[in-house]
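Between the sequences and the hints, there should be enough to build the whole structure, so can you do that?
2 protein chains.
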Amino acid sequence: MKNYIQKNEWNIIEEDFDPHLNKISESIFSLGNGRMGQRANFEEHYSGETLQGNYVAGVYYPDKTRVGWWKNGYPEYFAKVLNAANWIGLDITIGDERLDLFTCKVINFKRILNMQSGYLERLFTAELKSGKQVQVNTKRFCSITSDEIGAIRYELIALNFSETIHINSFVDGDVKNQDSNYDEKFWEEVSSEITDDEAYLTLKTKKTGFDVCTGISTQILLNGENINSDFEPEKKEKFVGLRTSVNLNQGDALTIFKFATNVSSENYEREHLLKTANANITEAAAKGFETLLKEQSDAWVEKWKESDIVIEGDIAAQQAIRFNIFQLFQTYTGKDARLNIGPKGFTGEKYGGSTYWDTEAYCVPFYLATAPQEVTRNLLLYRYKQLDKAIENAEKLGFKNGAALYPMVTMNGEECHNEWEITFEEIHRNGAIAYAIFNYVRYTNDESYLKDYGLEVLIGIARFWSQRVNWSADKQKYVMLGVTGPNEYENNVNNNWYTNTIAAWCMQYALEVAELVKANDPQKFAEMAKIVSLDEAAEFELWQKIVDNMYYPEDENLGVFLQQDGYLDKEQILVSELPAADRPLNQKWSWDRILRSCFIKQADVLQGFYFFEDRFDDEILRRNFDFYEPRTVHESSLSPCVHAILAAKLGDEKRAYEFYLRTSRLDLDDYNNDTEDGLHITSMAGTWMSVVEGFAGMRVRNGVLHFNPFLPEKWNSFSFNISFRGAVLNVRVSKEKVRIINHSESDISVVISGKQHTIQSDLTVMP
Amino acid sequence: MKNYIQKNEWNIIEEDFDPHLNKISESIFSLGNGRMGQRANFEEHYSGETLQGNYVAGVYYPDKTRVGWWKNGYPEYFAKVLNAANWIGLDITIGDERLDLFTCKVINFKRILNMQSGYLERLFTAELKSGKQVQVNTKRFCSITSDEIGAIRYELIALNFSETIHINSFVDGDVKNQDSNYDEKFWEEVSSEITDDEAYLTLKTKKTGFDVCTGISTQILLNGENINSDFEPEKKEKFVGLRTSVNLNQGDALTIFKFATNVSSENYEREHLLKTANANITEAAAKGFETLLKEQSDAWVEKWKESDIVIEGDIAAQQAIRFNIFQLFQTYTGKDARLNIGPKGFTGEKYGGSTYWDTEAYCVPFYLATAPQEVTRNLLLYRYKQLDKAIENAEKLGFKNGAALYPMVTMNGEECHNEWEITFEEIHRNGAIAYAIFNYVRYTNDESYLKDYGLEVLIGIARFWSQRVNWSADKQKYVMLGVTGPNEYENNVNNNWYTNTIAAWCMQYALEVAELVKANDPQKFAEMAKIVSLDEAAEFELWQKIVDNMYYPEDENLGVFLQQDGYLDKEQILVSELPAADRPLNQKWSWDRILRSCFIKQADVLQGFYFFEDRFDDEILRRNFDFYEPRTVHESSLSPCVHAILAAKLGDEKRAYEFYLRTSRLDLDDYNNDTEDGLHITSMAGTWMSVVEGFAGMRVRNGVLHFNPFLPEKWNSFSFNISFRGAVLNVRVSKEKVRIINHSESDISVVISGKQHTIQSDLTVMP
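Protein chains in written order, with this note's numbering: chain A, 391 to 1157; chain B, 391 to 1157.
Check before you lean on any hint, since a few could be wrong.
Same chains, same label: a pair holds when it works inside one copy or across any pair of copies.
The calculated lysine to aspartate or glutamate pairs, modelled on EDC-like cross-linking and capped at a C-alpha distance of 16 Å, are [as the list claims (entries may be wrong)]:
| # | residue 1 | residue 2 |
| --- | --- | --- |
| 1 | 594 | 578 |
| 2 | 978 | 785 |
| 3 | 865 | 961 |
| 4 | 454 | 573 |
| 5 | 920 | 439 |
| 6 | 779 | 583 |
| 7 | 454 | 804 |
| 8 | 596 | 564 |
| 9 | 914 | 1019 |
| 10 | 693 | 1135 |
| 11 | 500 | 692 |
| 12 | 626 | 661 |
| 13 | 677 | 661 |
| 14 | 786 | 972 |
| 15 | 597 | 574 |
| 16 | 625 | 481 |
| 17 | 1125 | 704 |
Read the hints as simulated data drawn from the structure, not as lab findings.
Shown next as C-alpha cells:
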C-alpha cells in the first residue's frame, strides 16, 4: 500500500518526483474520453521505467496463444487492446542536452489530475548536468466534446541560461504491447505525410486490419508570440516528426501547442482517414488550446452535475469517490453501442479484452443512475448486436436451437479468452447479461426495449440454460455440472448455488417478459417467435419445469446455501486464521491448493443475495453473510462492494464502511500493489454502488425509488446526484437528516426508511 | 483404420509405395536400441511428406510455453525429447538426377522390419525421369550390443544405364522439433571435423547444454571391391558431408556402408566426445557391417528367448504381439537407470516428456516377466534418484516435511508438463510409483530393495497422501478434494474412488514395509528414519488413522463404487447410444461437454479393481465392470488392456478377446488415425498384459505363480516365455491342455487353474 497521493477534494496530486512510483502515477493520472485514452506518460523523453500507453477504443488484436495441449473448442487467440501510436511526444534538447527527468535533477515537481475540469497538469523545474535550469508547465487532455481530439500546452522557461532549444514534435507508431506473445509488433505502416506544421501517420493492425490515422499539428510561441517555425520533417519507419530549433534568451518563455487526432476505419472509409484527420486538426488548431480546454471544463461540470458524490468531513473519501467516477466517465461515455468498458479502460493492457460481465453486474447500476438512459441502453444493445455470435459460441460447445452463450471476454462478440475453466465454465455471465436487462427496465421503465431487443436475448439465454442443466436421476432435480462461479477460486464444480439460482431466474424472467410482450404487442411477439423459431408450448413448458425443479445446495444445520456441492467437505478455516505471509493467496499458494481450500475469491452466494435480495429475509441473509464473509479473501476488486452493500442492509455500518474503504482507494493507494498495470476501472463502479446502494440504501421497487440511508461515523454528510426516469435528484445524508432535492419538472414519490414522500418539482424533502 | 501392412509372423512388411502412408510407415518401421533411435526415414533425399526423426535418449529441451494467464506454481516449460542430428542421410544423384522416391517411378517397393533379427530392410526399383532404372536394397539397424552405433548397407545397381553417381553421405544437425513453440531450433553447433572418410558434428542444446557428437564413416564398394574413394568434405552450418562420385556401368553394383555413432555429454566428458566417437566409428568400421548385423541378430534371438509370445492359428495376432514386444525392447533396455520409457519411444515427438505413470502401471509388469530383474530395478531406481526433486515438487505446492509428489511428466525429476488439471491434480501417479515397488518385490522377492531404497520413497509418498487428504466434518471421514483420476475426462473432482483407494493403500503399504524393515534390519531402519526425520509414532499413527477412516464413494442401490462424488448426477448415457459422428469425443466435443458427460476416457474404478483384485469378489467386480464398461470410450490407448484382463477374470472370454484386439494392432492398423505421430509404446505393454495376465491369467500370490488360462476361440494355441525368480518358463496354452516347461536349474511350484503343481527343472507339466 502506498500513500503518496496528496489528499484534495477535486484533484489528484503528486508532489516530488520518484521514478519508482512513475508507472503507478502513469496509471493513476491517465486520461481518456471514451474514444481514446492514454497513460500519464511524459511528453519529453524519459529513459526511466515507464509503460508507454496510448489506446484507441475498439481497436484490438487477436494475439495467438499456444499451449502444449489444445482442447477442442478453445478460442485460438486472446484478444488485446492495442497499444497505439504515441502522439504526445515532444523531444526537447537544450543545446546538446536532452531533457529527460530520469537523468536530470528535478525540483518542485508536481503532477495534478484536475477531475473537475478533466485535464492533466505537470509542473517542474529541471536542472541539467550543465547546470542549466528550465521551468516547465504542461497541460494535456483528451477532449470529451470532440472525442477524436487531444491537446497539449507545453510551456518552458529558460531560467538561468540562453541557448538554442531543439524540438521534435512527433508521432511514434513503433510500439508494442507489453505482454505480446513472441514480442510481436501488431502495427504496420500504411502511409505517412508531413506538410508544414502537420504530420500524419496511418497504421494498420495485422490480422484485424484496423486502419488508424494519427495526426498532429504543432504551434510554437516565444514569449506569447507565434514564431511561424519552419519545421524540418522527419520520417522513419512508423514515425513522423516535426523538428525545429528556437533560440532562447534567459527568461524567455517557449510555448508549444500540440493538437492531435486519432481517426479509425471503424468510423470512416479508409480513403477518407487522412482527410478527416486533417479536418479535425485544422478545426482544433483554429479553436486553439484555451477554447478547447474551456469546452472540456464546461462539459465536465455538466457530467458532475449528474453524477457527483459529495462527502463532507473526509477528504480522502471525497477524493477517492470522485476519482472513481471520473475514471469511469473517462472510460465509457455511452455514445457508441459498439464500445464497452474494459477492466483497465485506457490505463493499461492487462486483461486484454474489452468486455467482461463486469459491465452488466457492476457498471450498469452506475451508468443507469448517473448518465442519460441511452448510455445504459447502448451497453445493452452491445450484447443484442452480438447475439448471433453468442449463438455461434454456444454451438461450438454443442448447444442447439438458438441457445446463446455470451463470451467471457470479448472484443467483437467472439470469445477471446483461452482458459477452459473460464471460457467454457464461467457461464454465469449469461445470467448477468439477462439481469442487466431486468435492471435497466426496472430502473427506466423502458419496456419497449424488451419487445424490440430484450426478449430475443432472453430467449437465447433461457435456451442455453435449459440445455445446460440435466436431470439427475439421483437427486430427482435438475442439476448443473461442471461450472465455475463468480468465485474463480473454484473450477469445474457442480451445482454452484449462484449459477443455479441465476439460471433459473433467467428462465423465469424470460417467461415473464414473453408473457408481457405477448400481452402488449401480440403481433410483435409472433414475428419475433418466428424469427427465433420458438416452439412456444414445448420450450416454455420445459423452462417452467426446470425453474420448478432446480436443485439448490444448502445445509440445513447451518441454515446456509452451499456455494456448491461438497463445499462442506473442505477444511473449514477462516481468513483470520491465515498467516499474513500466505496472502494474497493467488501469489503465495499453488493453484491446486487454492482450489481445494474453502477460501472464496469474491462474493459468490452473496452475489446472489445482492441480485435477488427480495427473495430472502434478513435472518437468512445474516446467516449466509456470517458464514461466507469470514471465508472470503476479496482477491477480486469486484468483491468488497457487494459485501459493503449487504453489510449495510444488515445494519452493520462499521463493516459496510470497512468494505467501502477497501474499494474506494484501491488504486490511489495501490492497495494490491498492481496499480502500475493500470486502474481497476470496472470495480470503480462498485465503489459508487457501496455509497449509493450501501450507505444510502437506494433501491428501485415497483418503479419507486427507496432509500434506507445511514451516515458513516467519520463523515459529516454525503450527497449525490442521480437521474431517475427523467428526474434529477440530489440526495444528501447528514447526521440529522436526509434531504432530497428534486431538480426536475414533475413531482416524484420516494420511500425513505420505509416511509413514502412526495417531492415536488424543485422542492426539497427533509424527512 | 488402415490395413496395408502384410501379415507375417516375424516381419512387418509394406509392399508398394504410397506417399500418403509414408509418415505412418516411418513410425511403424522405427528403429531403436534404448540409447538412440529413429523413425524409418529414407536414406536418400525425399521431397514428399515426412517427419524426419532421430532421437538420443536422455537429451531433451525445456520448451517454454506461455499462456495468457499463468497460475502460481505452473511449471514454466514443457520438456521435449529432442529431434537430433540426422545421421542416415545419403544423397544420391545419378548424372544430374537426384534420387527421390517422391518424384520418380517406384517399382517393387518393399519395406521390411525384421523383428527376429532387429533390422530394417528396404528394396525398390526406381525409374528416373530419364528412364534410368536403379535397384536399391538397404539394410539398417541401431545396434543393441553396441548401443552408440548405427549401421547402414546401401546397395544400388545400375539396371539399364552407365552414368556417374554422385554421393553425399552426411550428418545434418539443422533440425527442429515438429511442434517447437516459436519454431525455434534447439541445437547450436559446437564444432565439426572431417578427415578422409569420417565426419563429425558436435552440437549443443540450448539451455540444457547437452553436447552430442555424431560421427559417421563411409565406405564405398564397386561390385564388391573397396574403391578407396577420395571424399570431398562439405561443411555448412550444423552440417558435415562426405562427397564423392563413382562411374557406374550398366549392371554395376555400388555398395555404401555407413557407420554412425552418437555420444553424449551425459556419458562422457565434453572434451572426450570427439575422441570417443572416433573410437566407436573405427571399431564399427573394423568389424564391418555383416559382423555387426550378426551380433545384432544373435542378441535379438536371446531377447526373444526371454520374451516371445507364440500364437498359433492367427498370424495377425502373432505379428501384432511380436511387434509390441519388439518396440518395447527397442525403447528401453534397462541398462541405464537414468533413462525411462517415453510414451512414443524413439518413434515421434508427441507427449514430449519421457516418463509418465505409464512406466510403473503398464510397463513394469512386462519388464518384470520378460527381462532380467535389474531392468525393472533400474526403473524403480530412476524414481528413487528423483526423490529429492519429488519432495521439491511437493514443496512448491505447499506440502511439508519430506512429502513427495512425483511429477506427471518428467525428464530429470522436475515436473515438465503445464496443465494445472494434470500436473497439480493427477496425483494418483504417486500411487502407481508405490505400487511398482510392491509389484517388483512381489514378483522378485527382492526385499533388500525395500530397505535400501523402497521404504524411503514410500515414506515420501505416504507423507504426501497424509497431507493431501483432509478431514471432512460433514462426512466424518478423510476426503480427497480436487483431483484428476486416471480418467482424464474429469478434472478437479472430489473423492475419486481410485485415487482415494490407492492413497490409503500406499499408506498401509508404507506401514507394512516399515514394520518389515524394522524387524529385519533395525539399524538400517533407524538410520533411514534419521535421514528422513521420521517422527515414527506420530506419523505412523496418522497414516493408520487415515487408512481406517478414508471415504470411498459408492452407491448402495447399484452396488458399485462411484468414480467420484456426484457421478450419478450426470446424465447416464451409454457409449452404445453415442452417434458414430460424435466419436472420438476428444475430437468432436468441446472440453466442457466431455467433462460434464458420464463418459470415461480410460479405466478408472476398474483400474483399482485391477491393482487390488484380491480385495474384491467376482460379484462386486462384475457389477462394477457391467456398470463402467458401457460408459468407457477407451480414448486412451492404456484403457482396453485393463478391461481385457478383468473380462478374462470374469470368464467373459469373448469380450476379453475384443479388448485385446483393440490394443494389439492399434499402431499396425492405425486404429486411431494417429500412428504418423509415433507409436503408442507404453500401451504396448498393456497388450502383453492382456495375453499373459488376461488369457493366461498369470498372477503372483504369496510368491507363487498362478495361471488361470483360457484360449481365445480363434487361436490354436499361444505360448510365452517368462522369467520368474531365476527360472525361465515356457507356458503353452492349447485347446487340450496347458503345458509349462521349466528351463531352469531348480524345481518350481505353480498353481494352474487353482491346482498346485511342481515343475521339475527342465521338465514339463501338462495339467
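Violated constraints from the hint list, given by number and in increasing order: 5, 6, 9, 10, 11, 12, 13
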